[in-house]
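Dock chain B against chain A, hints included.
Quick mapping for you: the protein sequence lines, in order, are chains A and B. For the first sequence, position 292 (counting from the first letter as 1) is numbered 292 according to my numbering, and the numbering increases by one without interruption. For the second sequence, position 389 (counting from the first letter as 1) is numbered 389 according to my numbering, and the numbering increases by one without interruption.
The set of hints was computed from the structure by calculation and includes no laboratory data. Hints should not be assumed to be uniformly reliable.
Intra- or inter-copy, both count: the list cannot distinguish identical chains.
As the list claims (entries may be wrong) - Computed list of lysine-lysine pairs in BS3-like fashion (alpha-carbon distance at most 27 angstroms, straight line):
hint	residue 1	residue 2
1	Lys47	Lys346
2	Lys47	Lys407
3	Lys200	Lys404
4	Lys261	Lys308
5	Lys13	Lys407
6	Lys10	Lys149
Keep in mind the model is a prediction, meaning the values are calculated, not measured.
Number of protein chains: 2
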Amino acid sequence: MTENKIGFSKLTKEEKINWIANQYFANPKEAISVLNQYQNSNEALQKLHDEFIENTLTNFYLPLGVAPNFNINGKNFTIPFAVEESSVVAAASKAAKFWGARGGFKTTILGTEKIGQVHFLYEGDKQKLKEYFNFIQPVLLTETEEITKNMQKRGGGISKIELIDKTEILENYYQLHATFETKDSMGANFINSCLEQFAKTFKNNSENFGLPSIQIIMSILSNFVPNCVVRAEVSCPVSELNEDANITSSEFAEKFVTAVKIAEVEPFRAVTHNKGIMNGIDAVVLATGNDFRAIEAGVHAFASKDGKYTSLSHAKIENGIFTFWLDVPLALGTVGGLTNLHPLVKFSLEMLGNPSATELMEIVAVAGLAQNFAALRSLTTSGIQQGHMKMHLNNILNQHQATKEEKRLAIAHFENQTASHNLVVDFLENLRAK
Amino acid sequence: MTENKIGFSKLTKEEKINWIANQYFANPKEAISVLNQYQNSNEALQKLHDEFIENTLTNFYLPLGVAPNFNINGKNFTIPFAVEESSVVAAASKAAKFWGARGGFKTTILGTEKIGQVHFLYEGDKQKLKEYFNFIQPVLLTETEEITKNMQKRGGGISKIELIDKTEILENYYQLHATFETKDSMGANFINSCLEQFAKTFKNNSENFGLPSIQIIMSILSNFVPNCVVRAEVSCPVSELNEDANITSSEFAEKFVTAVKIAEVEPFRAVTHNKGIMNGIDAVVLATGNDFRAIEAGVHAFASKDGKYTSLSHAKIENGIFTFWLDVPLALGTVGGLTNLHPLVKFSLEMLGNPSATELMEIVAVAGLAQNFAALRSLTTSGIQQGHMKMHLNNILNQHQATKEEKRLAIAHFENQTASHNLVVDFLENLRAK
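In isolation and in its complexed conformation, chain A is listed as follows (with noise of 0.2 angstroms):
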């Protein structure tokens, strides 16, 4: 490890590639040929996505693909998913050709507010603490006019800041509680700019008003955005939902509901039901250069909001017509960030026609609709396995590099049958122990 004391980090990417492949492999050769195939032609190009973050070696392949036919509020879509699960995409291709034939999807933007917290502690007598609040507000505004002008030219910036009181949950703790508009970008940055100003501006003029004990923890954006939440909808009467000859319309439909109200009592359930609507929705987050970390603990933390980890999704059949539905946070950006910066991203935001942020939250929420339909209707009705296994099956041949015959013997024999990755491997050695 001698490389190592000089740091790590200041090698150069040819030297950590080496270092690595000596230190951890077998054939230190093969490794680095590995992650060479990868490498880009594009000298400027591999540059780029070298800089994105520290110590990179290589490029990360993740399949971006795309399902057609979605329609939005009455426009037609092509989106992109940035996903390595198989059968993500044709699930998302058939809802959205399903619903497409049925009046489409619609959505509705309930909020955009974004959330960020200045955590600090203080001794002392409440009143006085408000008063100083109440005398420094206008001077954190004030303070963080460099970092807000850009963003309320774009009519964005700082909406409200509030004085919150912990102390019942945890001793001598509060909060500069701020919500924020930051309109087409994520926010992020401009968040914790901002709070980090408040932060500075709050503690050094807290002495000179009579305040000497307050001691800042932390400044830093909230990832829970309850009030950031778009809503994605289908209908259509019952009577046209249903394509399977093995189960009516109005079966279907019960069954349907049945699932998602299943969903919404039983957490075990609930988590993966909400785990396939995540399916689609990361998959269109990381393709248009979003943080899909933020988004997850977002939409979880939402689901539990009430106390018991619930359903995303909601289902209904009123006067014979069929509603389903999804409300779901999303602080999305489609400026800054590596929105601009990934080529593929930029590629993903002009095929949506460039849209705003909100435009965005209504495409994702959609794509995780369009899942969880595809999810509950394979479910009540197939089951899911049939669908998954058919291109899981198709990566099982490929990985014991079968020929065509034998994936052609393999795809017919696991037609009507169960099939796992060990009743794959078991076809295999016998069909060639034959």
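Quick look at chain B alone, frame taken from chain A:
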């Protein structure tokens, strides 16, 4: 949209690309060339990646970076991260070095239980249903033998099947609630295949037993795995804790513990706190070919399981010792799925010494704890923006085609000053206007 009528999915990859370029882009040629610069020149390799999902257009790049110097249970690791967010790898590397000098990371597997359910409706005598369940239970096991035999060879299989009465939360709703041990595979296909067979067996034999009204709604694994949990931990004397000249070790320790306590009691903070943990976790999950949506869903549901969304990590000071730990549910696999199929996943796993699934749980949890430590250290000392903007600054400068000299000036300018995207752009504009 004539091509669409013959079915988009039936087009060749080239035809799909052409259709999209002509449908949505002002400059179709340019759009095609953006996609093409990401195709791999090795045709077989490109085909492998294309076939992971449907309608693949090209390869979406995520940087694959590494953080060296992780000491986990006395063993040295370099951990792979597939992530687009700047500073995640830098933060991991710093935390690894810091704790490497203080005894390293310790981990404990607290459980490996996976869960799956058959959800069904039943109207009728509850006692009769119980009798049927007792009768059918061994048959459920016999009729899944084909599916379970390979898993059993590896020491796994079906651990338990229970009948659960959920009629109090939804009329006529019951479950077959099964637990599984899936060893080194994540087990989704295995579990779903078992469950679908349970459902068939359970339904098919019910009429003969005099229970005509059983209606299977769906059969599916749960991503909520509160008994598939790993603990990662670090500790050291408070006196050895700090490296920052601006704050004493004990002040830092107290402030750090307060920051964690805030995340324990305040959901708006907890969500972001856990999001930071997931920055580390998801990046390793992706690099090792696992499904981050499944992990995300399980983790955030775990964080909300006691009725209020809370921190996954905890910290304390006892007898002069600082301890910081994380309990996190991680249903991971190191065989099956993409693990043997994606060459960079194979690379990542070999770099980690080809870990078992439980070893990978340990490594991933450590990546999460390291990330959380680094984030809290920044937040409670210099603030999050300084470190974050250093990397992000570089991205913004690249985006605006800054020259070497402009970069040097910008980096110097923003060294000791709050930066935001807009401020950086302003700075560049001013520089260029001179």
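Verification of the supplied hints:
1. Lys47 x Lys346: both (17 angstroms within a copy, 24 angstroms between copies)
2. Lys47 x Lys407: between (40 angstroms within a copy, 15 angstroms between copies)
3. Lys200 x Lys404: neither (67 angstroms within a copy, 32 angstroms between copies)
4. Lys261 x Lys308: both (14 angstroms within a copy, 22 angstroms between copies)
5. Lys13 x Lys407: Between copies only: 21 angstroms across, 40 angstroms inside.
6. Lys10 x Lys149: Answer is neither; intra-copy 38 angstroms and inter-copy 51 angstroms both fail.
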